[in-house]
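**Q** Sequence:
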Amino acid sequence: MRKHDIPVLLHHLEDMYPDANCELVYRNPFELLVAVILSAQCTDKLVNEVTPDLFAKYPGPRDFLHLSQEKLENEIRRIGLFRSKAKHILETCRILVEKYGGEVPKDYDALVALPGVGRKTANVVMSVAFGVPAIAVDTHVDRLSHRLGLTKAKNVLETEKDLMNKLPKEKWTFAHHALILHGRRVCLARSPKCHICPLQEVCTYFKKNEK
DNA sequence: AACTCGGGGCA
DNA sequence: TGCCCAGAGTT
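One point on numbering: in this note's numbering, the residue at position 106 of the first sequence is 109, and numbering is uninterrupted.
For the record, the hints were derived by calculation from the structure and aren't laboratory data.
One should not assume that every hint holds.
What the hints assert, rightly or not - Listed next, the in silico DSSO-like pairs over lysine-lysine satisfying Cα-Cα at most 27 Å (straight line):
id, residue 1, residue 2
1, Lys48, Lys155
2, Lys210, Lys196
3, Lys90, Lys102
4, Lys48, Lys60
5, Lys6, Lys109
6, Lys123, Lys155
7, Lys196, Lys211
8, Lys157, Lys174
9, Lys196, Lys155
10, Lys123, Lys157
11, Lys48, Lys211
12, Lys196, Lys169
13, Lys6, Lys157
14, Lys102, Lys74
15, Lys6, Lys164
16, Lys123, Lys102
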């Protein structure tokens with residue numbers, strides 16, 4: 004992929020994944036934070052089945068503190084890793100209340116310090132909830148970046164730097180989500196569906212395999 | 001860097 | 001059945 008292909012790439016992605024612009028599905032940073040913690044290693048679909056009910060009953064961190072861990076586990080039992088997630092969420096809520104006045108801090112370092120919150124969750128909250136441009140490279144983003152020819156990085160941190168250098172800052176959050184969606188729906192790890200992929204014309208991987 | 005946690009989705 | 005998954009914590 005060359006430099007002048009990048010606008011083409013972004014244009015295609017915007018056509019294919021208009022929903023990746025991340026209008027807040029969740030109504031506030033707290034809901035987003037909890038939802039992202041829950042979504043680790045499981046599908047967002049499943050999370051979306053659990054959260055509306057959960058947030059209706061417990062709208063904020065203070066409400067969660069009235070819950071025992073056991074009770075919260077039962078609320079989210081259908082989600083993978085629910086025991087550790089319940090524990091992390093309760094501890095996170097306590098910290099939010101005691102240290103941040105019941106608000107989600109608009110600060111990356113404060114976020115990653117929360118239990119259950121790692122690099123990726125912190126990035127998603129910063130970008131989606133607070134509008135700070137961010138890219139967090141996961142396996143999907145990394146795989147697609149290599150296939151498309153956006154990077155030749157040896158590890159995800161390098162990929163992250165490459166993407167931030169090559170993509171316009173105002174597109175970071177969008178590109179992050181669009182690439183993940185594309186990785187799940189089309190550019191699969193094992194057998195990518197190149198035959199139905201609109202990105203063919205700018206994709207290094209496709210051009211190489213075509214020969 | 002490797003390992004563990006674990007339910008659901010999908011072939 | 002067996003393999004995979006928008007991850008984080010521990011060693």
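**Q** The structure should be examined with respect to each hint, and the outcome stated for every one.
**A** Hint-by-hint comparison with the structure:
1. For the suggested pair Lys48 and Lys155, the alpha carbons sit about 32 Å apart, so the restraint of at most 27 Å is broken.
2. For the given pair, Lys210 sits about 14 Å from Lys196 by alpha-carbon distance, which is consistent with the 27 Å threshold.
3. With a CA separation close to 18 Å, the supplied pair Lys90 and Lys102 stays within the 27 Å bound.
4. The straight-line distance between the Cα atoms of Lys48 and Lys60 is roughly 20 Å, inside the 27 Å bound, and the hint therefore holds.
5. For the suggested pair Lys6 and Lys109, the alpha carbons sit about 33 Å apart, so the restraint of at most 27 Å is broken.
6. About 21 Å separates the Cα atoms of Lys123 and Lys155, which keeps this hinted pair within 27 Å; it holds.
7. Distance restraint check for Lys196 and Lys211: the Cα-Cα separation of roughly 15 Å lies within the 27 Å cut-off, and the hinted pair is therefore satisfied.
8. With a CA separation close to 23 Å, the supplied pair Lys157 and Lys174 stays within the 27 Å bound.
9. With a C-alpha separation of about 22 Å, the suggested pair Lys196 and Lys155 falls inside the 27 Å cut-off, and the hint holds.
10. A hinted pair counts as satisfied when its Cα atoms are at most 27 Å apart, and Lys123 with Lys157 qualifies at roughly 19 Å.
11. A distance of roughly 35 Å separates the Cα atoms of Lys48 and Lys211; the hinted pair therefore is violated under the 27 Å criterion.
12. Distance check on the hinted pair: Lys196 and Lys169 sit about 25 Å apart at the alpha-carbon level, within 27 Å; holds.
13. Our distance criterion of 27 Å between C-alpha atoms is met by Lys6 and Lys157, whose separation comes to about 20 Å.
14. About 24 Å separates the Cα atoms of Lys102 and Lys74, which keeps this hinted pair within 27 Å; it holds.
15. As the CA atoms of Lys6 and Lys164 are separated by approximately 16 Å, the hinted pair is consistent with the 27 Å bound.
16. As the CA atoms of Lys123 and Lys102 are separated by approximately 22 Å, the hinted pair is consistent with the 27 Å bound.
The structure fails hints 1, 5 and 11 (numbered hints given earlier, in ascending order).
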